[in-house]
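The lines below spell out each chain.
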Amino acid sequence: MEMTKEKTTIVLFSGELDKAIAAFIIANGAAAYDHEVTIFFTFWGLNTLRKDEVVKTNKGLLEKAFGWMMPRGANKLGLSRMNFAGMGPKMIKHVMKKHNAMTLPQLIELAQEQGVKLVACTMTMDLLGLQQDELIDGLEYAGVATYLGDAANAKVNLFI
Amino acid sequence: MEMTKEKTTIVLFSGELDKAIAAFIIANGAAAYDHEVTIFFTFWGLNTLRKDEVVKTNKGLLEKAFGWMMPRGANKLGLSRMNFAGMGPKMIKHVMKKHNAMTLPQLIELAQEQGVKLVACTMTMDLLGLQQDELIDGLEYAGVATYLGDAANAKVNLFI
Amino acid sequence: MEMTKEKTTIVLFSGELDKAIAAFIIANGAAAYDHEVTIFFTFWGLNTLRKDEVVKTNKGLLEKAFGWMMPRGANKLGLSRMNFAGMGPKMIKHVMKKHNAMTLPQLIELAQEQGVKLVACTMTMDLLGLQQDELIDGLEYAGVATYLGDAANAKVNLFI
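Respectively, the protein sequence lines represent chains A, B and C. With numbering that gives the first Met the number 0 as the guide, the letters of the first sequence map in order to residues 0 to 159. With numbering that gives the first Met the number 0 as the guide, the letters of the second sequence map in order to residues 0 to 159. With numbering that gives the first Met the number 0 as the guide, the letters of the third sequence map in order to residues 0 to 159.
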């Protein structure tokens with residue numbers, strides 16, 4: 000009988016730094032325990048995957064507006080609480096550094112090294128006008144059907 | 000041996016448009032894959048199910064106050080981010096229309112057509128003073144015990 | 000063959016009164032149905048477990064700042080919606096009292112009586128500078144590995 004790996008899936012819907020950190024800590028922990036892990040990025044969660052720099056794209060005005068208003072990547076996310084116009088994230092990053100905790104970009108890198116599958120929701124990308132060039136490398140692109148296929152075989156399924 | 004269907008449950012606790020859309024997209028996707036799907040509406044999630052129009056009820060002042068303050072139905076919900084005093088939901092609805100994506104009321108209708116079980120949490124209804132007449136047709140009414148009975152038999156259980 | 004109990008886990012990440020109440024209602028319901036239940040408190044969720052009174056500690060300035068800014072215990076939490084500078088939580092507590100619903104501190108006590116395992120995330124405690132003396136009695140202290148061990152054996156896993 001073939002040993003099958005435990006499976007874990009996370010939908011990252013939220014676009015806040017603290018929730019993204021929690022998602023990646025759980026994902027990296029599960030991968031370290033040899034689970035097959037998928038994070039499915041949808042809605043605001045996609046902002047976690049945006050590149051730092053401005054990417055030249057050919058977009059309509061509304062898509063451009065979304066692009067301007069939404070945070071550009073893991074370093075720009077706010078907090079779900081105590082954001083204080085950006086002071087909160089600075090404090091959190093400061094204490095994380097003080098405690099040698101990994102930053103969100105480092106957590107993302109570790110996840111990719113451990114083979115965590117990072118899936119960008121193509122339906123949301125269409126809606127918000129996000130293009131593949133604007134997102135970091137090494138992603139998969141899929142819709143809700145792919146997520147459900149993974150989730151139906153997983154023991155741990157979280158929506159964050 | 001009888002084939003048993005996969006089961007999926009979603010607790011919709013949040014009362015925001017974007018989260019309600021995500022919940023119904025997952026629910027409709029799972030139903031399309033022949034899962035038995037339950038959405039359990041509790042706390043602010045119940046606002047998704049309110050009728051558009053004002054319903055005459057016999058309520059105390061506090062219940063009336065909650066009724067006034069909470070959004071009246073799927074068309075009135077705000078966003079969890081970038082709400083901008085209602086401009087955000089307008090933008091989202093605009094891009095959804097542009098991309099021929101289903102509106103939240105259409106997603107709810109589709110869910111009902113597909114046999115997704117929509118359960119309103121009676122305990123929250125009591126607390127917030129919501130009455131069955133104020134909610135859309137075709138709902139079931141139950142408490143946390145019913146939810147747990149469904150969830151314990153489901154593979155995918157999400158809290159949104 | 001030994002009967003094994005159903006297992007349920009909840010990550011309580013959020014620090015709002017309404018979400019904490021939802022988490023404990025689900026946890027107590029599951030415990031009443033004889034599930035083995037774990038609530039893993041991380042990030043803002045830890046504020047649910049803080050003692051009411053100020054506890055003398057030896058902390059750095061930044062940890063003190065977090066301590067001041069974060070709500071001190073289950074009675075001080077705000078709402079995720081309609082907080083209205085604290086009026087919302089007062090209204091909710093009022094209607095809960097009127098309907099003889101249990102308060103959050105009572106729900107926590109019931110959970111402890113029913114043997115629900117309350118686990119404080121040690122990594123977050125380090126980050127936010129929270130010490131064991133500042134939290135209520137009867138907790139376990141552990142990290143994400145312990146959570147994942149419980150979750151991988153549970154049918155119902157929620158992130159709140």
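Please keep in mind that the hints were generated in silico from the structure rather than gathered at the bench. Treat the numbers as computed from the prediction; the structure is a model and nothing was measured. Mixed in with the good hints there might be a few duds.
One copy or two, either will do: identical chains are not told apart, so a pair holds if it fits within one copy or between any two.
As the list claims (entries may be wrong) - Listed next, the in silico DSS-like pairs over lysine-lysine satisfying Cα-Cα at most 27 Å (straight line):
(1) K75 - K96
(2) K58 - K89
(3) K63 - K97
(4) K97 - K55
Open item on the list: As a check of your reading, is K58 near K89 (CA-CA no more than 27 Å) within one copy, between copies, both or neither?
Closed with: Classified as between; 19 Å across copies, 32 Å inside a copy.
Task: 27 Å Cα threshold - placement of K55 relative to K97 - done: For K97 and K55, the Cα distance is within 27 Å only across copies (23 Å; inside one copy 36 Å).
TODO: Pop the pair K63 and K97 into one bin, within, between, both or neither, using alpha-carbon distances up to 27 Å.
DONE: between (37 Å within a copy, 15 Å between copies)
Task: Intra/inter-copy verdict for K75 and K96 if alpha-carbon distance must be at most 27 Å - done: within (16 Å within a copy, 29 Å between copies)
Of the hints listed earlier, there is not a single one the structure fails to meet.
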